[in-house]
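Enquirer: The lines below spell out each chain.
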Amino acid sequence: AQSVTQLDSQVPVFEEAPVELRCNYSSSVSVYLFWYVQYPNQGLQLLLKYLSGSTLVKGINGFEAEFNKSQTSFHLRKPSVHISDTAEYFCAVSKYNFNKFYFGSGTKLNVKP
Amino acid sequence: EAGVTQFPSHSVIEKGQTVTLRCDPISGHDNLYWYRRVMGKEIKFLLHFVKESKQDESGMPNNRFLAERTGGTYSTLKVQPAELEDSGVYFCASSQDVRDTIYFGEGSWLTVV
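Line by line, the protein sequences give chains F and X.
Under our numbering, the first residue of the first sequence carries the number 1, and numbering increases by one thereafter.
Under our numbering, the first residue of the second sequence carries the number 114, and numbering increases by one thereafter.
Please keep in mind that the hints were generated in silico from the structure rather than gathered at the bench.
Even glycine gets a Cβ: it sits at the ideal position worked out from N, Cα and C.
Keep in mind that the hints are not guaranteed to be accurate.
[Stated by the list, open to error] Short derived list, chain F residues pointing at chain X, Cβ under 8 Å:
1) 39
2) 41
3) 42
4) 43
5) 46
6) 48
7) 82
8) 86
9) 90
10) 98
11) 100
12) 101
13) 104
[To be verified] Computed far set for chain F versus chain X, every beta-carbon distance over 12 Å:
14) 3
15) 16
16) 62
17) 66
18) 77
19) 79
[What the hints assert, rightly or not] Residues from chain X shown here face chain F by an in silico Cβ test under 7 Å; the list is partial:
20) 161
21) 165
22) 169
23) 214
24) 217
25) 218
26) 219
Use the sequences and the hints to build the structure in full.
Expert: The following block contains the structure:
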């Protein structure tokens, strides 16, 4: 079975500071990894995904994530956050058939001026 | 192009009543998914349709939940009778091919009192 852990339920950060949102997963098989973002009153939007190849993945809005197989992690980073990045971020994994995502419990990023 | 639309956006019902949630996927998307997020917990998979067929319904909690997708277009998720623990946000998502990006709706907030 697959499981995803997002240890930080809330992350407060000042505008223009760097941020890292942590995600660890466990799986007995190879998985694909995703980060989704939910802005207030909106649906989930794909930020980035890792399927294969380079372990450093770049996504939208200046976010990037690095797949670390030995540490079973897929942490999300941004070097300088904006107020508009305030949202809830979800890490997710899926098996090769893509038909089912396993999500973490979410991390609320609160960017302060 | 219209995104995934869900109706109603919010619903408050009494325990024992019936609620039907509707999802209109993006036009042309054969794959339709239902997910649920109970308060503060992770988003969990409920089921996956390919056109009108249930590909995977392993996440359906119990037989009080019934999902349909007649004609392979929109889908409904009926909860009958509703229980307090059914409260949460129900997300619908769709994709053209199973390996394509999955697009989520804004969710239907269900509160059972």
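Enquirer: Does each hint hold? Answer for all of them.
Expert: Hints, one by one, checked against the model:
The interface hint given for residue 39 (chain F) is broken, as the beta carbon of that residue sits about 10 Å from the closest beta carbon of chain X, more than 8 Å. Look at residue 41 (chain F): its Cβ gets to within about 7 Å of chain X, closer than 8 Å, so that hint holds up. Taken as an interface hint, residue 42 (chain F) checks out: its beta carbon lies about 6 Å from the nearest beta carbon of chain X, inside 8 Å. Given hint, residue 43 (chain F) at the interface with chain X, holds; its Cβ is 4 Å from that chain's nearest Cβ, closer than 8 Å.
Using the Cβ-Cβ criterion of 8 Å, the hint placing residue 46 (chain F) at the interface with chain X is satisfied: the shortest such distance is roughly 6 Å. Taken as an interface hint, residue 48 (chain F) does not check out: its beta carbon lies about 11 Å from the nearest beta carbon of chain X, beyond 8 Å. Contact between residue 82 (chain F) and chain X, as hinted, is not supported at the beta carbon level, the nearest pair being about 22 Å apart and thus beyond 8 Å. The beta carbon of residue 86 (chain F) is not positioned within 8 Å of any beta carbon in chain X (closest approach about 17 Å), and the interface hint is therefore violated.
For residue 90 (chain F), the suggested interface contact is upheld, since its CB lies about 7 Å from the closest CB of chain X, less than 8 Å. This hint holds: residue 98 (chain F) has a C-beta 5 Å from the nearest C-beta of chain X, less than the 8 Å allowed. The restraint placing residue 100 (chain F) at the interface with chain X holds, with a minimum CB-CB distance near 5 Å, inside the 8 Å limit. Of the supplied interface hints, the one on residue 101 (chain F) holds, with its beta-carbon coming within about 6 Å of a beta-carbon of chain X, less than 8 Å.
The criterion of a C-beta within 8 Å of any C-beta in chain X is met by residue 104 (chain F), whose closest approach is roughly 6 Å, and the hint holds. In this structure residue 3 (chain F) is not separated from chain X by more than 12 Å, as the shortest Cβ-Cβ distance comes to only about 9 Å. Annotated as non-interface, residue 16 (chain F) keeps its C-beta farther than 12 Å from every C-beta of chain X; the closest such distance is 29 Å. Listed as outside the interface, residue 62 (chain F) is consistent with that label: its C-beta sits roughly 19 Å from the nearest C-beta of chain X, beyond the 12 Å cut-off.
With a closest Cβ-Cβ approach of about 21 Å to chain X, residue 66 (chain F) is found to remain outside the 12 Å limit, as its non-interface label requires. Residue placement check: residue 77 (chain F) keeps its beta carbon more than 12 Å from all beta carbons of chain X (closest about 21 Å). Every beta carbon of chain X lies more than 12 Å from that of residue 79 (chain F), the smallest distance being close to 25 Å; the non-interface claim holds. For residue 161 (chain X), the suggested interface contact is upheld, since its CB lies about 5 Å from the closest CB of chain F, less than 7 Å.
With a cut of 7 Å, the hint placing residue 165 (chain X) at the interface with chain F is violated, because the nearest CB-to-CB distance is about 16 Å. Given the 7 Å rule on beta carbons, the hint for residue 169 (chain X) holds: about 6 Å separates it from the nearest Cβ of chain F. A cut of 7 Å between beta carbons decides the hint on residue 214 (chain X): the least distance to chain F is about 6 Å, and the hint holds. Because the smallest distance between the Cβ of residue 217 (chain X) and any Cβ of chain F comes to about 4 Å, under 7 Å, the interface hint for this residue holds.
With a cut of 7 Å, the hint placing residue 218 (chain X) at the interface with chain F holds, because the nearest CB-to-CB distance is about 5 Å. A cut of 7 Å between beta carbons decides the hint on residue 219 (chain X): the least distance to chain F is about 4 Å, and the hint holds.
Checked against the numbered hints given earlier, the structure breaks hints 1, 6, 7, 8, 14, 21 and satisfies all the rest.
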